Amino acid sequence: MLARMLSPFEEFGPSAGAIYCADRILQRLSPKLRLYFYELLEQPIPEEPLLPPRLAKCLELREIHAGAPELARMPARPDIKASRFRQEAICLAAFLKDEFVGHIWFCFRGYQEDEVRCTFLLPDEKHSVFDFDLYVFPEHRLGLGFVGIWNAANAFLRSRGVHRSYSRLTRFNLASRQAHRRLGARCIGRMLVLQLGKAEFTLATLPPYVHVSLSDRDRAQLKLRASRNVPGQARGRLVGQHARSGN
Amino acid sequence: MSELQILSDYIRSETGYEGELSPELDLLEKHILDSFNIVQWAMFIQEQFKIDLEAEELVRQNLSSLSRVMALIDSKRGQGKPN
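So the protein sequences, as listed, match chains A and B.
Per numbering that gives the first Met the number 0, the first sequence runs over residues 0 to 246.
Per numbering that gives the first Met the number 0, the second sequence runs over residues 0 to 82.
Fair warning: there could be bad hints in the mix.
In silico DSBU-like cross-links for lysine-lysine, where the CA-CA straight-line distance does not exceed 35 Å [stated by the list, open to error]:
(1) Lys125(A) - Lys49(B)
(2) Lys29(B) - Lys56(A)
(3) Lys80(A) - Lys96(A)
(4) Lys49(B) - Lys197(A)
(5) Lys80(A) - Lys222(A)
(6) Lys49(B) - Lys56(A)
(7) Lys96(A) - Lys222(A)
Honestly, the hints are just simulated from the structure, not real lab data.
Being a predicted model, the structure only gives us computed values, none of them experimental.
In isolation and in its complexed conformation, chain A is listed as follows (with noise of 0.2 Å):
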């Protein structure tokens, strides 16, 4: 039991484990009440592929659009994919020789979360995006699936001029979190949402830092913020970086 009790702590570290708990508390209260912990990331886009030719001629993205079949098989609510739509999301799928294994989505113009009542405001429209819902179908994740797609959606992005995708993670996914940091990702600020029914409190490291809403027409606007390090650091290529004889 006591064990159980100490395991956020030990998995999140004390903070974290703690706003865990306290939304695990919440939760079991009423389910209209959360408390939501998010990391904001920006993660550079690498001029090289992550993978070889051979590989990544294998996986190939396409653009989809409202009523293209894949969509019913995505795991978010009909209502949700409808809205992102609305908000000029572009949903990229991939495919595995024509096989459907997964997607991502961006928004080149700012992001509405859907999750709280929040838009990210990207710093530099011109070359950055946000990136969400990343989902790759559990029969393909330990095979080419994330880094396929990232690394198809690196060579889409770049084809647009775009050098910095933002992203928000809720911070318990510990698993997101490791991932987004071997592309070189790194946290820009850190967001806490209060949801108590109706009203939401947000408590962010970026601009406005505060706010509250009491209807849904009030949304957070964070502005992120571009970090002064040089995009484009990411580990590329993944081939021959490890290549290591081991005699």
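Given chain A, put chain B in place with the hints provided.
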């Protein structure tokens, strides 16, 4: 150095894993490898053993343990075919 030892050394050096590394140990189940470094693992195998892996061969069944990787390498060298 045996091929098995080369594979073991790679896993230890790349992941920092210091525990027991038996040929049958499931590297994915034990979270020693994840969705990102399994591709690096495949790239290493390809380069080290001079074999060409196809995209459809980069699956759990072929890469999840040292023994499965050895079987994959053998099969690519013409001693049978996995999957």
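Hint check results:
no.	hint	verdict
1	Lys125(A) - Lys49(B)	43 Å, violated
2	Lys29(B) - Lys56(A)	31 Å, holds
3	Lys80(A) - Lys96(A)	25 Å, holds
4	Lys49(B) - Lys197(A)	60 Å, violated
5	Lys80(A) - Lys222(A)	24 Å, holds
6	Lys49(B) - Lys56(A)	20 Å, holds
7	Lys96(A) - Lys222(A)	40 Å, violated
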